[in-house]
Amino acid sequence: MDKTPNEYIRWRYAGGEDREAIAKDTMKISDAELELQKTVIDFVYTDPDTAKTTKTKRVIKRLTGERKTNKSTKENDYEVQFKAPHDSDDCKHFYGYKKLVKWGWDKACKKVDVKVAQAASGMFRPLTSSNVESHLKNVGLDAEFATHHRISALSGGQKVKVVLGAAMWMQPHLVILDEPTNYLDRESLGALADAIREFEGGVVIISHNNDFTTALCPETWVVEKDEDEISRPNCRGDPEWMKNALATKCDDQQAITEVTDAYGNVTEIKAKKTLTKKEIKKMTKEIKAKIKSGAELDEDEEAFAEEHELWK
Numbered sequence: 001m002d003k004t005p006n007e008y009i010r011w012r013y014a015g016g017e018d019r020e021a022i023a024k025d026t027m028k029i030s031d032a033e034l035e036l037q038k039t040v041i042d043f044v045y046t047d048p049d050t051a052k053t054t055k056t057k058r059v060i061k062r063l064t065g066e067r068k069t070n071k072s073t074k075e076n077d078y079e080v081q082f083k084a085p086h087d088s089d090d091c092k093h094f095y096g097y098k099k100l101v102k103w104g105w106d107k108a109c110k111k112v113d114v115k116v117a118q119a120a121s122g123m124f125r126p127l128t129s130s131n132v133e134s135h136l137k138n139v140g141l142d143a144e145f146a147t148h149h150r151i152s153a154l155s156g157g158q159k160v161k162v163v164l165g166a167a168m169w170m171q172p173h174l175v176i177l178d179e180p181t182n183y184l185d186r187e188s189l190g191a192l193a194d195a196i197r198e199f200e201g202g203v204v205i206i207s208h209n210n211d212f213t214t215a216l217c218p219e220t221w222v223v224e225k226d227e228d229e230i231s232r233p234n235c236r237g238d239p240e241w242m243k244n245a246l247a248t249k250c251d252d253q254q255a256i257t258e259v260t261d262a263y264g265n266v267t268e269i270k271a272k273k274t275l276t277k278k279e280i281k282k283m284t285k286e287i288k289a290k291i292k293s294g295a296e297l298d299e300d301e302e303a304f305a306e307e308h309e310l311w312k
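The sequence shown: position 21 = 21 (full-length UniProt numbering), numbered continuously.
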């Protein structure tokens with residue numbers, strides 16, 4: 001609150017990431033995750049000069065921020081740096097997302113995903129005072145208040161404009177507005193409504209203002225208590241729009257073969273094959289040999305090893 005709106009946005013997005021998003025409870029590393037990050041990993045190192053193979057024990061120190069797509073697994077691999085004495089640049093290694101999640105690095109992977117997605121879509125904009133001032137002017141906050149007044153000195157309506165401006169800096173595809181009409185005057189409400197209509201992405205509005213949502217939203221979920229004191233959503237809206245929306249929905253019964261999350265991770269869904277006793281015996285022998293030699297297991301082999309307790 002001691003910063004000007006201009007200073008606040010430049011501070012929040014300095015370094016190409018949203019500091020407030022990282023500070024959310026959902027992105028904070030728990031004690032359990034910290035313990036998992038101490039997992040000792042069996043690592044097989046091949047000397048590029050002598051071709052000598054050495055099996056070592058290593059612990060991941062951090063993710064470097066580099067990411068690549070593994071063509072065979074179709075998932076993202078992330079570069080890690082190990083703790084000393086294996087922390088030199090030539091000792092870095094890529095691991096798949098699923099393995100890193102098991103070792104407590106899920107949130108670190110998501111941070112890398114966000115940065116990569118922003119860079120790929122060209123959303124990095126120069127965080128200059130003039131650029132931020134121009135951006136805030138687009139949401140109705142004049143330069144005088146954007147650059148020369150602290151946030152604590154602004155009115156309620158002006159603070160709402162700061163919040164909207166900060167949220168839109170990274171040019172999101174989906175915007176969720178919680179009680180956006182609070183503290184806004186009639187002129188500002190009209191401007192917000194026009195902006196929502198013109199916005200080409202998706203908008204979800206949570207509001208008590210029935211007139212505002214009815215005028216803007218083709219589909220509305222009204223949550224109110226029934227006679228039994230239980231709240232149930234009641235869907236209302238433009239019948240034609242809702243009919244078209246339903247027609248474009250995927251068939252829920254259609255078999256799904258792969259799933260892509262918000263960060264581009266593609267997970268192939270395979271039907272679990274029932275192995276015969278002969279196949280189980282053969283696979284057990286092969287995986288035990290791999291474990292003994294220190295060779296890296298793929299995802300299916302790891303799952304098999306855990307299921308049949310081959311690590312013991």
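If you are wondering where the hints come from, they were derived from the structure by calculation, not from laboratory data.
Backbone N, C-alpha and C define an ideal beta-carbon position, used for all residues, glycine too.
Keep in mind that the hints are not guaranteed to be accurate.
Restraint ranges, calculated between C-beta atoms of paired labels, are given here [to be verified]: (1) Lys71 to Cys235: 42 to 50 Å; (2) Thr64 to Lys98: 15 to 23 Å; (3) Asp228 to Val59: 28 to 36 Å; (4) Cys235 to Lys74: 50 to 58 Å; (5) Lys74 to Glu144: 47 to 55 Å; (6) Gly16 to Ala191: 23 to 31 Å; (7) His149 to Lys74: 47 to 55 Å.
Pairs of lysine-lysine residues, derived as DSBU-like cross-links and limited to a Cα-Cα distance of at most 30 Å, are as follows [to be verified]: (8) Lys92 to Lys292; (9) Lys92 to Lys290; (10) Lys111 to Lys3; (11) Lys71 to Lys92; (12) Lys290 to Lys55; (13) Lys55 to Lys3; (14) Lys68 to Lys107; (15) Lys277 to Lys38; (16) Lys83 to Lys61; (17) Lys68 to Lys83; (18) Lys111 to Lys52; (19) Lys83 to Lys52; (20) Lys3 to Lys159; (21) Lys290 to Lys159; (22) Lys3 to Lys38; (23) Lys288 to Lys52; (24) Lys92 to Lys102; (25) Lys24 to Lys98; (26) Lys68 to Lys28; (27) Lys290 to Lys277; (28) Lys225 to Lys102; (29) Lys110 to Lys24; (30) Lys92 to Lys55; (31) Lys52 to Lys3; (32) Lys277 to Lys288; (33) Lys28 to Lys137; (34) Lys110 to Lys98; (35) Lys102 to Lys74; (36) Lys68 to Lys159; (37) Lys288 to Lys98; (38) Lys74 to Lys282; (39) Lys74 to Lys225; (40) Lys61 to Lys137.
Hints and how they fare:
1. Lys71 to Cys235: 42 to 50 Å: holds, 43 Å
2. Thr64 to Lys98: 15 to 23 Å: holds, 19 Å
3. Asp228 to Val59: 28 to 36 Å: violated, 55 Å
4. Cys235 to Lys74: 50 to 58 Å: violated, 37 Å
5. Lys74 to Glu144: 47 to 55 Å: holds, 52 Å
6. Gly16 to Ala191: 23 to 31 Å: With Cβ atoms ~30 Å apart, the hint holds.
7. His149 to Lys74: 47 to 55 Å: Cβ of His149 to Cβ of Lys74: about 51 Å, so the range 47 to 55 Å holds.
8. Lys92 to Lys292: holds, 23 Å
9. Lys92 to Lys290: Since the Cα atoms of Lys92 and Lys290 sit roughly 22 Å apart, the hinted pair holds (cutoff 30 Å).
10. Lys111 to Lys3: holds, 26 Å
11. Lys71 to Lys92: holds, 20 Å
12. Lys290 to Lys55: Within the cut-off at roughly 12 Å; holds.
13. Lys55 to Lys3: Judged against 30 Å, a Cα distance of about 53 Å means the pair is violated.
14. Lys68 to Lys107: This hinted pair holds, its Cα atoms lying about 17 Å apart.
15. Lys277 to Lys38: Answer violated: Lys277 to Lys38 is near 37 Å, above 30 Å.
16. Lys83 to Lys61: The given pair, whose Cα atoms are some 5 Å apart, holds under the 30 Å limit.
17. Lys68 to Lys83: Judged against 30 Å, a Cα distance of about 22 Å means the pair holds.
18. Lys111 to Lys52: With Cα atoms ~36 Å apart, Lys111 and Lys52 exceed 30 Å; violated.
19. Lys83 to Lys52: holds, 22 Å
20. Lys3 to Lys159: holds, 12 Å
21. Lys290 to Lys159: Judged against 30 Å, a Cα distance of about 60 Å means the pair is violated.
22. Lys3 to Lys38: violated, 39 Å
23. Lys288 to Lys52: holds, 22 Å
24. Lys92 to Lys102: holds, 19 Å
25. Lys24 to Lys98: holds, 23 Å
26. Lys68 to Lys28: holds, 25 Å
27. Lys290 to Lys277: holds, 20 Å
28. Lys225 to Lys102: violated, 42 Å
29. Lys110 to Lys24: holds, 13 Å
30. Lys92 to Lys55: holds, 15 Å
31. Lys52 to Lys3: violated, 57 Å
32. Lys277 to Lys288: The hint holds at about 16 Å.
33. Lys28 to Lys137: violated, 33 Å
34. Lys110 to Lys98: It holds: about 12 Å lies between the C-alpha atoms, which stays within 30 Å.
35. Lys102 to Lys74: Holds, at about 18 Å.
36. Lys68 to Lys159: Distance of about 40 Å is beyond 30 Å: violated.
37. Lys288 to Lys98: Distance of about 21 Å is within 30 Å: holds.
38. Lys74 to Lys282: Roughly 27 Å between the alpha carbons, so the hint for Lys74 and Lys282 holds.
39. Lys74 to Lys225: Measuring from Cα to Cα gives roughly 46 Å; hence the hint is violated.
40. Lys61 to Lys137: Violated, at about 43 Å.
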